[in-house]
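Student: These are the residues of each chain, in order.
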Amino acid sequence: MRISIENFTKSFGDTTVIEDMSLEIGDGEMLALLGPSGCGKSTTLFAICGIHRMNAGRLMFGDADVTEVSSQKRNVGVVFQNYALYPHMNVYENIAFPLKVRKESKAEVDRKVQEIAGLVHIGELLQRRPMQLSGGQQQRVALARALIRKPDILLLDEPLANLDAKLRLEMRSEIRRIQLATGITAVLVTHDQVEAMSMCDRIALMDKGQIVQLSTPKDMYESPSSDFVAGFLGNPPIAFLDGTVADGGFRLANSQVTLPVPSGIEVPGEGAPMRFGVRPEFFQPGNPLKVPGKVSFVETQGREELYDVTLENGAVLRSIQSQNAGFKLGQEVSWGIEQDRVLAFGPDGNRL
Amino acid sequence: MRRAHLLGLGFLSPALAIILMLFLIPVLLTVMFSFTNMSTATGISGGAYEINAASLRKLADAGAQESFVETLGKESFVVDDAGITAAAAAYGEQFANEVGSQMLGERFSSRRDLERAFRKLKSRPRSTRDIKKAADLFKRSVLNIRFETAGGLVDAVTDNGIEMTPDQQELLTKTIYTGWTWTSDNFALMAQIPYVWRVAGNTVLYVVLTLAASVGMGLFLAITTFYLPSSAASSFRAIWFLPRILPNVIFVLMWKWLAWDTGFLSSLLANFGVPPRNWMLDTGVNAWVFIVLINGIVGASLGMILFGSAIKSIPQSMLHASEVDGASRWQQIRYIILPQLRWPIMFICAYSTLSLLTSFEYILLSTDGGPGGATEVWSLMAFHTALDNYAGNLQYGLGAAMALMLVIVGILASLVYLRIFNFNDLVAKPRIEQ
Amino acid sequence: MTSSNFRSWPLFLVLAVISMPLVIMYVYLFVDTVTDTTAGSLIPDRFTLHHWRFLWEEPETGRVSIWTVTLNTFIFATCTTLINVSASVTAGYALSRLNMPFKRFFLGGILTLHAFPTITLIISIFLILQMIGLYNTLIGVILVKAALELPLGIWIMKGFFDNVPWEIEMAGLQDGASRFTVWWKLVLPQVQPGVAALSVFVFLSAWSEFILPQVLAPSGSAQVLSTYLSNLIFDDMKPDFNMFKSVGVFYALPVIVIYLIFNKQLMNIYGGGTKG
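Residue numbers (the working numbering), protein chains in the order written: chain A, 1 to 352; chain B, 1 to 434; chain C, 1 to 276.
This is chain A alone, in the form it adopts within the complex (with noise of 0.2 Å):
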């Protein structure tokens, strides 16, 4: 089923959280939306299921105008953050709740939520509570939940969030799985740009009530829109270099150093600030332009090591290397950065 949201405003008294915002989301897609806490994308997501009200805008589920439809008739399927399980039910029974309140037969009943049972891996938990079951357990029990009356839309907010590490990476695959399986259209609410990234077919990026941008993850990685995307984006995230125009070319703040400007972009006017954002995998001792600095703090993460290199001007480059480079804390370097994945953004931010 396709989604789109056309216009929407939302305010809570006198904050407006979300102004004039209009996404289209394809049918059997699944959707990030992707943003920092506060930035509206919890509050469209109750909105596309009907928790909220719209105080302007339209929102179609196909060719139906659900605006003021209740949610009980949008047919569409929310996983919590916390799971929302009922604790005085068990499982069978959560699972079959929202039959139960359609008034299908029993035996209906029955033969739905062994079925879905099945597809989320839950056959043999139906007789416990909620409160006996692991974390996983209890997420794909509200997948189930979720999943059992065929709804048009499956709304994901925060799935993962309470979820230890490892279960997390588990559950990231399973839920896309399920998704694909069943080839619902699906929105995920998240704050890590991991899981946004690892499930989805697109991402929206939200800051402050706007889509910032709306690509794919691969697309948004590598050519972010804005200063705030390529921040927001990858881990360990990007460094940024503060400077301005001179002679044609980048010059660093309180520095004489000067970084030529990467190609295909429309440099603006002499002495315009300008900012350099570097991704750690492209800064590296091979590289040819050279900058040079003293390595001020170092991470060992196992396969690979994490290092700062502070600059002359006190700015920060990131470096990801491979193990057994063996730099100390303190040393001297001099590496290079690669001019052609050098993202560049204007005064503004946005990308030039």
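Any given hint could turn out to be false.
[Stated by the list, open to error] Listed next, the in silico DSS-like pairs over lysine-lysine satisfying Cα-Cα at most 25 Å (straight line):
no., chain 1, residue 1, chain 2, residue 2
1, C, Lys185, A, Lys150
2, A, Lys73, C, Lys185
3, A, Lys112, C, Lys185
4, C, Lys185, B, Lys312
5, A, Lys100, C, Lys264
6, C, Lys185, A, Lys106
7, C, Lys264, A, Lys103
[What the hints assert, rightly or not] Selected chain C positions facing chain A (Cβ under 8 Å, derived; list incomplete):
no., residue
8, Glu167
9, Met170
10, Gln174
11, Gly176
What the hints contain is simulated information worked out from the structure, not anything from laboratory work. Please read all numbers here as calculations on a predicted model, not as lab measurements. Positions of the beta carbon are idealized from the N, C-alpha and C atoms, including for glycine.
We have chain A already, so just place chains B and C on it with the hints.
Tutor: Frame of chain A; chains B and C shown alone:
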């Protein structure tokens, strides 16, 4: 109105109905009653107007002219249709017709005058006795007749030929009314009660002493039981919690037994040569000691539980840390535990001030305000005045006025409390908007 | 907490001493009901069931049988609990969760009503009940008692509802249940401990209530145990404390049993329920 609003109001409606009927209306009626002179004597359902010996005396006491009172009390004789019909039945049509044609509408202030007039008639009854009896048929009086309205009474009085000035009329209807009337005298009356200031003082004393006792004992119990091994602690908590849930009649009964002149204290002290007496009602000071003990222990139960659960919520690590830092037990209490109890202590003080101000059950059951009014507090005075006194005349109006004072104090105090305790935090916005 | 850094026996001693009077009163409350004591002595010296005769003997003329009174008390407490709890459960939910106009006003009002205990209302309630003919009936006292405990009940239930996760309700709506079904099938089961605690609390409070029945239903047929016992004490010129205590123990027994069973729930209300 949105559907969602209707759902909310629907859920609230049973409670609203009960609150409307048994809170709001009573409060309004308390206000209303406090402006009446309702009492056992006036009844509560309205009264009537009746001139009789007693009400005439009241009228004279209220300052009516003697001649006016006398006239009201006298009978008069009026030749009217009712009398003529009666006369026709008793003494024949002829006499009646003659009376009707010659004397209709005439008035006589005494029977003798009417008899004299009858004697002039041709068809009068022959015997003097019959004339007297016939005259009696025309006797009209307002004495001992109930009138539902003041107008009815006034009409009857004027019909009897008694002229009244408007002043007299007002005085009459006001004085002889047997039901309740509106008045603002209650508040002046209240101020004139000789012991009213002592009662007000008692009330303040009662609230302050009991509050101090219950917070002090509550704190002491909560902290000491906190430091005891759990089995001992729970036994002590049970001992001190029981007063809270024991029916007050039984709790007071135990104290009465303790203090009675054949009770425990007297029997015990008899061994040391102290003569037996009723320790509770012996002197005013003794009565106060018992009042504060009884109420204070009940208050301490609540304090112990509240403070206890607040202490329990202090992280253990914080206490361990303070011990490692070298704090003595007293320092631990002073610097770690007590600061955590600020809020509960404030809450207990606020809550108890109001409830003590208006509570009187334990006093009623134990000393009943005695000896000699030494422990009478405001709410008990209102109760005694309106609902339970030895004189038997229950003054609902005056009692309501006394209770109204407490209502006003209660509303003011709770408005202040709503401020202090940050009411806004309690009203959360619903997160489901349908 | 027991800490090896502090000794606890001095505290134990102090507590034991100040608890002494209460303990003596409790012990004698029970012992005196089955013993006789020679006048002037403190030690009971004979066992007897004589003080319990009110249970099986015909009542004196003018007095009502203890069993009628007990039944009255039970009806009074049970009905009060039912009315109070059902109104509290719905109103508490409305104030905690539902959209409605004047919510602040209602909530503030209920907190303010809490400041109106018995005496401020009882005079006008007494007159109202007389006017509408419910004076001297159990119905009148039940309604009044249920109402007087209502602000606290609503407040406590609101607190319990506040602690139910919103997501459970949201999930229920998404699953297609109506707001009412969500409340009835999903939310109410979560606050069951609260309902139990409030029920016990109101039941005990009504069971112990004295002033309301004393003023509003003093006559024999609607008498409850509290007024029965207090009349017994007031009527007697020469107090028979052993008999009073027997009636008292009979009256207090359900309270003690309930306390032993529902100790935890009661603490919940007394300890946390009254917190704002």
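Student: Does each hint hold? Answer for all of them.
Tutor: Here is what the structure says about each hint:
Proposed proximity of Lys185/C and Lys150/A is supported: the alpha carbons are some 22 Å apart, at most 25 Å. Pair hint Lys73/A plus Lys185/C holds up; C-alpha atoms about 19 Å apart against a cutoff of 25 Å. The hinted pair formed by Lys112/A and Lys185/C meets the criterion: a straight-line CA distance of about 22 Å does not exceed 25 Å. With a C-alpha separation of about 34 Å, the suggested pair Lys185/C and Lys312/B falls outside the 25 Å cut-off, and the hint is violated.
At most 25 Å may separate the alpha-carbon atoms for a hinted pair to count; Lys100/A and Lys264/C exceed this at roughly 35 Å. This hinted pair checks out: Lys185/C and Lys106/A have alpha carbons roughly 18 Å apart, not beyond 25 Å. Distance check on the hinted pair: Lys264/C and Lys103/A sit about 39 Å apart at the alpha-carbon level, beyond 25 Å; violated. A distance limit of 8 Å between C-beta atoms decides the matter here; for Glu167/C the minimum to chain A is near 3 Å, and the interface restraint holds.
Annotation: Met170/C was flagged as interfacial toward chain A, and the flag holds, the nearest CB pair being 5 Å apart, inside 8 Å. A distance limit of 8 Å between C-beta atoms decides the matter here; for Gln174/C the minimum to chain A is near 5 Å, and the interface restraint holds. With its C-beta approaching chain A no nearer than about 5 Å, Gly176/C sits inside the 8 Å limit, and its interface hint holds.
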